[in-house]
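Q: Let the hints inform the model, and build the full structure from the sequences given.
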Amino acid sequence: MSKAVSALGGVSHKGFVEVSEAGLQGMITVRGDLASAKMKKAVKAATGTAVPEARRIVIAGDKAAAWMSPDELLIMVPYTEALATVAALEEALAGEHHIVADVSDARAMFRIKGAKASQALLKLCPVDFETLAEGEIRRTRAAQVAAALWKSAEDEFSLVSFRSAAGYVFGALEVSARTGSEPFPA
Amino acid sequence: MSTRLQKGGRLIDRSKALSFTFNGKPMKGFAGDTLASAMLGADQMMVGRSFKYHRPRGVVASGAEEPNALVGLGEGGRFEPNQRTTTTELFEGAVTASQNHWPSLEFDVGALNDKFYRFLPAGFYYKTFMFPRFAWKHVFEPIIRQSAGLGKVPQSRDEDRYEYAYAFADLVIVGGGIAGLAAALAAGKQGKRVWLVEQTANWGGRAVVDGVQIEGADADSWVKETVQALEKMENVTLRTRTMASGLYDHGYLLAYERIADHTPGDGRPRHRLWRMRAGHVVTATGAIERPLSFAGNDIPGVMLASAVRDYVVNWAVSPGDRTVIVTNNDDAYRTALALLDAGLVVPAVIDARPEAKGELPQAVRARGVRVLEGHGIAKVKGGKRVTGVATCIQAGEGAELEQIACDAVAMSGGWSPVVHLWSHCGGKLNWDDNLAMFRPDPKRPATGEDGAAMVTAVGSANGILSAQDVLADAHQAVGGKGTAPGAVSEAEEPLMPVWIMPQGAGPALRFKMWLDPQNDVKVSDVQLAAREGYESVEHTKRYTTLGMATDQGKISNINGLAILSDSLNRAIPETGTTTFRPPYTPISMGAIAGEARGEIFQPLRKTPMHEWHETHGAHWEPVGLWRRPYCFLRSGEGVHDAVNREIRQVRNSVGLLDASTLGKILVKGPEAGKFLDMLYTNMMSTLPVGKCRYGLMCNENGFLSDDGVVVRLTEDTWLCHTTTGGADRIHGWMEDWLQCEWWDWKVYTANVTEQYAQVAIAGPNARKLLDKLGGMDLSKEALPFMEWREGTLGGFRARVHRISFSGELSFEVAVPASEGRAFWDALIAAGEEFGVMPYGTEAMHIMRAEKGFIMIGDETDGTVIPQDLNLQWAISKKKEDYLGKRAQERSFMASPDRWKLVGLETLDGAVIPDGAYAVAEGYNANGQRNMQGRVTSTYHSPTLNKGIAMGLVKHGPDRMGEVIDFPVDNGKVVKARIVDPVFYDKDGEKQNV
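Note that the protein sequences, when read in sequence, are chains A and B.
Taking the numbering used here as reference, the numbering of the first sequence is continuous, increasing by one, and the terminal residue is 1546.
Taking the numbering used here as reference, the numbering of the second sequence is continuous, increasing by one, and the terminal residue is 996.
Calculated from the structure, these hints are not laboratory results.
A quick note: this is a predicted structure, and the numbers were derived from the prediction, not measured.
Cβ atoms here follow ideal geometry from the backbone N, Cα and C, with glycine treated the same way.
Among these hints, one or two may not hold up.
Claimed, not checked - Label-pair ranges, simulated between beta-carbon atoms:
id: 1; chain 1: A; residue 1: ASP1488; chain 2: B; residue 2: THR866; range: 44 to 50 Å
id: 2; chain 1: B; residue 1: HIS943; chain 2: A; residue 2: ALA1405; range: 56 to 62 Å
id: 3; chain 1: B; residue 1: THR450; chain 2: A; residue 2: PRO1438; range: 51 to 57 Å
id: 4; chain 1: B; residue 1: LEU910; chain 2: A; residue 2: ARG1499; range: 57 to 63 Å
id: 5; chain 1: A; residue 1: LYS1400; chain 2: B; residue 2: ASP444; range: 53 to 59 Å
id: 6; chain 1: A; residue 1: LYS1374; chain 2: B; residue 2: ASP828; range: 30 to 36 Å
id: 7; chain 1: A; residue 1: SER1372; chain 2: B; residue 2: VAL626; range: 26 to 32 Å
id: 8; chain 1: A; residue 1: LYS1374; chain 2: B; residue 2: ASP444; range: 50 to 56 Å
id: 9; chain 1: B; residue 1: ASP884; chain 2: A; residue 2: LYS1400; range: 35 to 41 Å
id: 10; chain 1: B; residue 1: ASP828; chain 2: A; residue 2: ALA1506; range: 28 to 34 Å
id: 11; chain 1: B; residue 1: GLY735; chain 2: A; residue 2: PRO1438; range: 28 to 34 Å
id: 12; chain 1: B; residue 1: ASP828; chain 2: A; residue 2: ALA1405; range: 36 to 42 Å
A: This is the structure in structure tokens:
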């Protein structure tokens, strides 16, 4: 495992907010019947959370379950636990039509930190940050590539993109966060 | 002379002087000036020359409608042509230059055009340059291109940066005059999310200049108090320097914020394009004053009456000591009062109406100014600036009655509401005969997705001109509670529409009456267009150029279509307006591009090994948004040599290919086998677990769309490899069928393309290299050709596929992408004793061509079916159906005459040019030579040391050994023999070891 490195090796930039690559993150795609008892049990066992409602993310410590589509979830666990979680999910969902895929290495994750974090993001993502609810995940785009984002802490957003586009996403975040370019400076 | 007054100027700060230059001449202005006010303050009346006749041009207006006063602004990386001086804020050190003249503004050779105006009428391009025919291309067009266009094209890379921002609001109010402010106040109090945007740097619009009283105080103080109140409301966002440029469906509004135009180089983005989603839009965009059409109305010093009082009141700039006012309405008398208040002289007010007895005219008379009722201007005197006017009877033909010396003329032909945003999405207009204006028809607004109005026009933009009515309209339009702010302004008598002055003017005068001073369109041009049959206003616009270019006819359109209507003897509403299209005023290309420039112009997708490639001489090739190494250049080596070296290494020892970009899609479920049998032409359901199979995908028209190796992972799980470019497309294709057509099939897909780094290890030493890493038995017995195993290879979690695209012993190994770089490094280190080196896409392409393997995008182009490529072996005969099957049975697809894949070998060993066609006997109905085939891939093979090619040839497989002709450049013909497409190791002995 020590050979594993994230796409940008944890690069960061401080402008009017700080943007950084968050490093390796275990991520698992699960598709199936989100309403089934088996699914609820499997998700609970994997993350300690319930199956999220539409457009929600439920976070429990260093794990989370996020709604991706009517039949798809994104399960997040520490990178080192991803393989075991995949196996556990497979076992828990056995006998029910589903797919479980480890996508930990297919993604890059970013954190945007600061009181004006949303002001950097609103230059790239067509998202209404004023009405983005607590616990809401938004599949959207960051400039020209697919992304998903949510408020992960007070004054902090997390953003996920595909690994191959990580350099592009970080570049766009860096430009957007440059000091003096706050859309609402006051 | 225009000059700066000693006192006044509500927008300027006399304590902050700013220097700038115009055509190299140093000038001074003050903070708060626009370039136009600063130039006028420095007596620079003439600012440029017109487009066609190169006539002297000066400032006409004080805002966005300005047609004339355009300059090239800035230098080098900050140079931009056609900047409107009336809307550009002055900043320290501004460098400005006039446009459209040679050699100088004062002396311009192009002005000769003006002497020949009779030969340059509307549509002269179409009439003049017809004969001789060859002359258009060689003589006329080059000359016209040389003289066309206003301003210069920037030559340097733009030094500034730009950005987008997304915003959402219940209500976006456009225009920060008293209407917009009153609407924002009323809506803000209701708790709505409100944005109020104003294109200039200042709030208040016209009312603050026109001496309106609001709530018992000067409009100025009401504006300040209201802005302060709005700033305190959390739900209200205020933006100055932000122009709403266009309204689109579903309340999508673009607004152009000029962040740093007035502070260039301060590090902030220059412009920001707001992409807003508005629940509703209120246009409080005001109105634009219309010029009057009299002879010489284009001479510098002739200005709109409202602009003259703007310059006096806002910037303490006098257009001259003596200003004659010419009008058809009462409002222009406010200009007389403003000039008198500033201590300037108004020799006369020339009023076209038979009688002017309203409150404002009487007030002007009371101050001793002559008011000439029923009069007009016969002609303006002067060349590069106004020296006087000759008066006449408006009802007559222009016989001169009296000459009045003056320095400026302030004209007013009435007002036109700014209906652009209202109209962008389909809002309709009515003609108001009393006010002589097109105004929004509230019964026919642009509608949203619910069928209700998406836009409401308020205030002057709604055709309401008195301050008290404007405020009431704005307040009521947003459902304001209580009473609207009250206002007091002078009562006005009706205007009299005047489209030509004097009304009976003959040709000589009409030739000098400008409608569009930027493009030099005159009353006579529109009348000529009408005589020549241009009845549609849209056609007339294009024929005469009326209302074209940077100002889009903001002051000229209504006058022009009134003249057109008059010439065609029909009412103005029958003629109608041209289409209002975004943007309202020009926006920068930078703002349109946003952040997308340089490194982030577009996404560059990188594999985990990208940086290694970059530091090892990768010569890149774009593949979709990826960049893949075409080859790896060593010091002093050419591309061709590098490719040959890489191929020799693979054929003789072992090479590495970064194949991470290949698409990888998981397909799982009880019906996954059935699904894949439909998608691929061959059988995938019967593939045993542990094995790989090459498969073809066609679209429903039968044409080959993608190919790749399918891997059976478990009883109900397959992994489908796609081409690099096909990864997202094929995943979408699968989901399309699963979601829209076969929604009841139990199949899930997941695109795991980026989860794995994949490396092809190819060459006779491939197994030896992998055995050095150790951990898996990769012997021929343990892992036969076209099978796969999972295990740990040198400590990496690996899935090893024994597949070959090069014809050599070859393994494709997938490891987690996060470990891809470490795995690559391990291969490079372990392979040292075999001289291992990476190979690029070109070596890969050549090696597969040597083996006669087809390539999607080379052998296929959207018109090729698998049968054309002799791939019948990969088409299942047993299956009842697959996508494309029925299409391939159509007579044309099944025809034996289709061109089919063969190998081609030149007789002299040379390389045939790519895409070359083989000719057949005879000519077709169009007199073109008949064709019998074409080259689809062509290379120099270093392995065989000769040119090899694949191509599609009519009856090709039946014509082995036959020589066909490929005519290439300069009448040369390349002769090539039809051969088997497998040039290398036909029996596959090399890959099967």
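Q: Look at each hint and say if it fits the structure.
A: Evaluated hints:
Taking the beta carbon of each, ASP1488/A and THR866/B are about 46 Å apart, inside 44 to 50 Å as hinted. Between HIS943/B and ALA1405/A the CB atoms are about 60 Å apart, so this pair conforms to the stated range of 56 to 62 Å. The hint said 51 to 57 Å for the Cβ distance between THR450/B and PRO1438/A, and at roughly 52 Å that hint holds. A C-beta distance of roughly 59 Å is found between LEU910/B and ARG1499/A, which places it inside the suggested range of 57 to 63 Å.
Judged by the Cβ atoms, the range 53 to 59 Å given for LYS1400/A and ASP444/B holds: they are separated by roughly 57 Å. Remark: the range hint 30 to 36 Å for LYS1374/A to ASP828/B is upheld by a beta-carbon distance near 32 Å. Taking 26 to 32 Å as the suggested C-beta distance range, the pair SER1372/A and VAL626/B conforms, at roughly 30 Å. Taking the beta carbon of each, LYS1374/A and ASP444/B are about 54 Å apart, inside 50 to 56 Å as hinted.
With their beta carbons about 38 Å apart, ASP884/B and LYS1400/A fall inside the hinted range of 35 to 41 Å. Under the hint 28 to 34 Å, the C-beta atoms of ASP828/B and ALA1506/A, about 30 Å apart, fit the expected range. One distance hint, 28 to 34 Å for the beta-carbon pair GLY735/B and PRO1438/A, holds here, with the actual separation near 32 Å. Against the hinted window of 36 to 42 Å, the Cβ-Cβ separation of ASP828/B and ALA1405/A comes to about 37 Å, which satisfies the hint.
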